[in-house]
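A.B. asks: Taken in order, these protein sequences are the chains called A and B. Just so you know, this note's numbering puts 763 at position 64 of the first sequence, and the rest follows in order with no gaps. Just so you know, this note's numbering puts 997 at position 298 of the second sequence, and the rest follows in order with no gaps.
The set of hints was computed from the structure by calculation and includes no laboratory data. There may be inaccurate statements among the hints.
Unchecked claim - Derived coverage of chain B by chain A (criterion: at least 3 residues anywhere in the stretch with Cβ under 8 Å from a Cβ of chain A; other residues may be distant):
#, segment
1, 979-989
2, 1004-1014
3, 1094-1106
Said to hold, decoys possible - Simulated restraints on C-beta separations:
#, chain 1, residue 1, chain 2, residue 2, range
4, A, K1033, B, K1068, 31 to 39 Å
5, A, D824, B, R1106, 41 to 49 Å
6, A, E1043, B, R873, 28 to 36 Å
Unchecked claim - Looking from chain A toward chain B, a few residues come up when the C-beta cut is under 7 Å (computed):
#, residue
7, S867
8, K902
9, K907
10, G987
11, P993
12, H999
13, S1003
14, D1005
15, A1020
16, T1096
Small disclaimer: the values here were computed from a predicted structure and weren't measured. All C-beta atoms, glycine included, are put in the ideal place defined by N, C-alpha and C.
Read off the chains here:
2 protein chains.
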Amino acid sequence: MSGINMTRRGLIGAGGGAVAATLAAGMVPAAARIQAGTGARVAGQPMPDGVKLPATPPRPKRQDSVGFAIVGLGGYALNQMMPRFVDAERAHVAAIVSGNPDKLAKVGDAYGVPGDARYSYDRFDEIASDDRIDAIYIVLPTGLHADWAVRAFGAGKHVLCEKPMALSSADCERMIAAGRRANRKLMIAYRSHFEPFNVEAMKLMSQKAVGDIRLLRTEQSYRMGPTTPRENWRVSRALAGGGPLEDYGIYGLQSALYLTGEMPESISATTFRPTGDPRFAEIFAHVGSQWRFPSGAVAHLATSYDSAGTNFAHVRGTRGALIMDPATSYSGQKMRLEGREPRELNPGDPGVQFARQLDHFADAVRDNKPIRTPGEMGLRDTRLIEAIYAAAERGQTVRLAPDGRMRG
Amino acid sequence: MSGINMTRRGLIGAGGGAVAATLAAGMVPAAARIQAGTGARVAGQPMPDGVKLPATPPRPKRQDSVGFAIVGLGGYALNQMMPRFVDAERAHVAAIVSGNPDKLAKVGDAYGVPGDARYSYDRFDEIASDDRIDAIYIVLPTGLHADWAVRAFGAGKHVLCEKPMALSSADCERMIAAGRRANRKLMIAYRSHFEPFNVEAMKLMSQKAVGDIRLLRTEQSYRMGPTTPRENWRVSRALAGGGPLEDYGIYGLQSALYLTGEMPESISATTFRPTGDPRFAEIFAHVGSQWRFPSGAVAHLATSYDSAGTNFAHVRGTRGALIMDPATSYSGQKMRLEGREPRELNPGDPGVQFARQLDHFADAVRDNKPIRTPGEMGLRDTRLIEAIYAAAERGQTVRLAPDGRMRG
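Make a model of the complete structure from these sequences and hints.
C.D. replies: Rendered as structure tokens:
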């Protein structure tokens, strides 16, 4: 992390930081460079195109509704997550944090956020004395998650953090420790755990709907348009890690775990980075891995920023198969059970995943309930990501302990 | 190979051999045990159920038609391959070799094979002086290929050998050397090289119809019914090798090579054998491998005898994808190109693959033309199979030379 300005303001604001300087020098053709891929988040540019702000500011539904400060007003926050607050029973947008005054004004007005609850990053620590804010929702580039989570815990707030949790297991451990010290909740926004298709798939697999699982395949890929690490945080190693695995591929990694209900005992892997392509100056274009589970099941995971768009999970067992394609979208999921009685499954609207995730977190905060996707899950997954890169680099099958730590 | 009777007669005949003894003792419920899986061949049992013999014996179409002795009258020979001889222009069944007199009689009559061209395994070497026989077509369990190929070359005949070529690269080299000494042709029956869908797929990939290939997935699996190594040669290590990889999985291995047009530079792999399952007393249930090509393309191959039936090849590139599912069947292939102009492709009847393969071999024999799928290809593939098992056993990524030999 050394050598980069760790604040979002540094990345995008009026002051220092290499990225900000780049932006100021006009090297980024503004909104045209905003990444349009799945799960895309903007790297601090102006308001993304096509954002639909609410016509009338939504209001909390319940007295005990949990007030969130949204940290980072990128495309994912503005287009996917914030609009879904209206569907939540017990969560509302209480504050926003951004380095862009124009965004603070426009988004603040649209969501009915009072002027004094529109925070710049400089003023972030003042949230400690703002009782309207119960929790922060971190929607920043991954490399910034740990520091802002620790600061939020320092301010006595609960933390809902976008996936992946952080770029190293050490950072994850730091976040967990800070949450424990502050006696505050930490949840990773693994939305698929709240999405009807994936929840149904977990249930079916635990009921052995395909028998014993033998082979699981996941694939998340799309072709990223021309860009550079200076223009797009997603291709910056310091902010995004190795690349597609941490971003889109995290969905496949998660699927492999919650569909099998197991942790892998070993992993082999391969990475690929084409030479001379500015998109892949710092990150991998492709990460593939092969996992072996204690049951004998094998998972083949692939994720790419340079391949035709896919988003699927296939599970094959001794008595049938489950085909999810698309598997983990915002909407439009499809799922089919193959075997003796093949059938299409449609367990509900995937769109509810955002609100359910918020309400789950709110219930945990208000009623002190356990969190389904806690920091420990994010840590576990980050360890697996580290194991995948280690296996690829060493050219060896890496053996894992049940908590995801590498054995040797 | 030590300790097992290397003749088919030994496996099935009236005399010695553990399997024959087992059969004689009535431990095999005869036809009921015949493996019904894809690519199935019988292990010397009586006539398989449902065999349709020709109503009238077919005759050679041309004077220079190549006369084949079919060695091994199992399900694949009787149900798939022999009936297709009528479609060939330049190949005909001239002789049959079997350890079962009843089969020799029934099949011989149906195919118009003269009584003195119906050979038992004991009499096999007499084919040397039988001018009606130009070549033998080996359709025996894999572990028997090498010895019978060498004997056929010793008798001065050309050899068309079912895939996989043999169970070790040493055996493959022995076969190639014997063919060279005898100045006779050796071809491996990789039928997909003569099947319109796969031929079209090779052409499309070489024309970069999906751009640069990034990810290739193949999967060949089915769930094998209850059986034991004594009942079914496919689950016997001495006759079948490691299991599904050599049998059904060889199609995926081949696809990965002819679709990318490359040899892998490294392979990691994993195998799985459930405990206490008689089907997997000697062989693996599952073999998965991950290949890295010099171009950066990655292939994920999986094959299983204990998973829901699949047979596909998916190729994803920088500009689209090619989906073949089923990919390498006897018939019923489907193929779809995804990308800017998605379309279903139907380049012709897959059923012609058998006759085209025969005619290709016949042309090579008669006109001394090069063979598209020579022994060297079978050797290359056997080396890759050895590398896959070595990678799985060592838990290491194995590096390969361009000829498929392991580097260290």
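A.B. asks: Against this structure, judge whether each hint is valid.
C.D. replies: Hint by hint, here is what the structure shows:
no.	hint	result
1	979-989	holds (count 5)
2	1004-1014	holds (count 4)
3	1094-1106	holds (count 4)
4	A:K1033 - B:K1068: 31 to 39 Å	49 Å, violated
5	A:D824 - B:R1106: 41 to 49 Å	57 Å, violated
6	A:E1043 - B:R873: 28 to 36 Å	53 Å, violated
7	S867	24 Å, violated
8	K902	19 Å, violated
9	K907	13 Å, violated
10	G987	5 Å, holds
11	P993	11 Å, violated
12	H999	4 Å, holds
13	S1003	6 Å, holds
14	D1005	6 Å, holds
15	A1020	4 Å, holds
16	T1096	4 Å, holds
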